[in-house]
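Asker: Residue strings, one per chain:
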Amino acid sequence: NAGVTQTPKFRVLKTGQSMTLLCAQDMNHEYMYWYRQDPGMGLRLIHYSVGEGTTAKGEVPDGYNVSRLKKQNFLLGLESAAPSQTSVYFCASNHDGGSNQPQHFGDGTRLSIL
Amino acid sequence: GQQLNQSPQSMFIQEGEDVSMNCTSSSIFNTWLWYKQDPGEGPVLLIALYKAGELTSNGRLTAQFGITRKDSFLNISASIPSDVGIYFCAGNDYKLSFGAGTTVTVRA
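One line per chain: the protein sequences are B and G, in this order. 253 is the number that my numbering gives the last residue of the first sequence; the numbers go up by one with no jumps. 111 is the number that my numbering gives the last residue of the second sequence; the numbers go up by one with no jumps.
If you are wondering where the hints come from, they were derived from the structure by calculation, not from laboratory data. Treat each hint with caution, since some may be false.
Stated by the list, open to error - Quick list of simulated restraints, FRET-style, between CB atoms:
id, chain 1, residue 1, chain 2, residue 2, range
1, G, S85, B, G142, 17 to 23 Å
2, G, S30, B, L208, 32 to 38 Å
3, G, S29, B, K153, 36 to 42 Å
4, B, E218, G, E44, 25 to 31 Å
5, G, A81, B, G202, 42 to 48 Å
Stated by the list, open to error - For the chain B half of the interface with chain G, some residues (derived, Cβ under 7 Å), not all of them:
id, residue
6, F149
7, P178
8, G179
9, Y203
10, V227
11, P241
12, G245
13, D246
Backbone N, C-alpha and C fix where the C-beta goes; we use that ideal spot for every residue, glycine too.
With the hints as extra help, turn the sequences into a complete structure.
Answerer: Written out as structure tokens, the structure reads:
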């Protein structure tokens with residue numbers, strides 16, 4: 140079972156470049172999430188989606204955009220990368236977002252902005 | 004997001020020892036979750052707690068959902084080297100709020 144798959148696993152960008160992180164899940168989950176993880180701060184929610192075609196802002200949405208064109212995919216975009224966006228990015232999904240539905244995480248994308 | 008305070012921030016433990024960590028919040032949650040993250044991987048769910056006062060075990064792990072719904076603790080009994088990692092608590096109220104993590108290092 141693949142579960143939640145993130146690509147790429149590593150990337151180095153220069154300030155001002157753009158890129159898209161891809162998250163794919165094969166569990167037919169409705170809800171998908173993007174987090175960033177920084178030292179000493181746990182995981183912070185960037186954006187999330189409650190279903191195909193929908194997106195919503197999380198705790199730290201500035202500088203990021205997302206799209207959910209297909210149920211199984213959730214894309215995170217950086218239009219103009221900044222050094223402050225150096226982080227480890229995690230995607231997660233769950234069935235219906237209910238409080239009794241634990242989220243399943245991918246293995247992360249390590250992004251460095253120079 | 005809601006503020007979760009997780010302690011301790013880090014710990015060194017002797018193999019075979021029991022260890023405890025806890026999480027508190029200023030807000031009420033419907034569900035408390037405990038995740039473990041190994042180096043280079045994403046968080047993996049260890050235990051989920053759905054009811055205030057609930058005490059749940061998963062092998063050597065035991066976790067409790069506080070009566071006030073504002074806190075939870077995780078115990079690991081008889082530590083082994085593979086217990087090394089970062090443990091996160093998370094409160095779930097349709098969106099997850101995470102603690103900052105407890106880094107566990109085991110001395111062999």
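Asker: Which of the numbered hints are not met once you compare them with the structure shown?
Answerer: 6, 7, 9, 10
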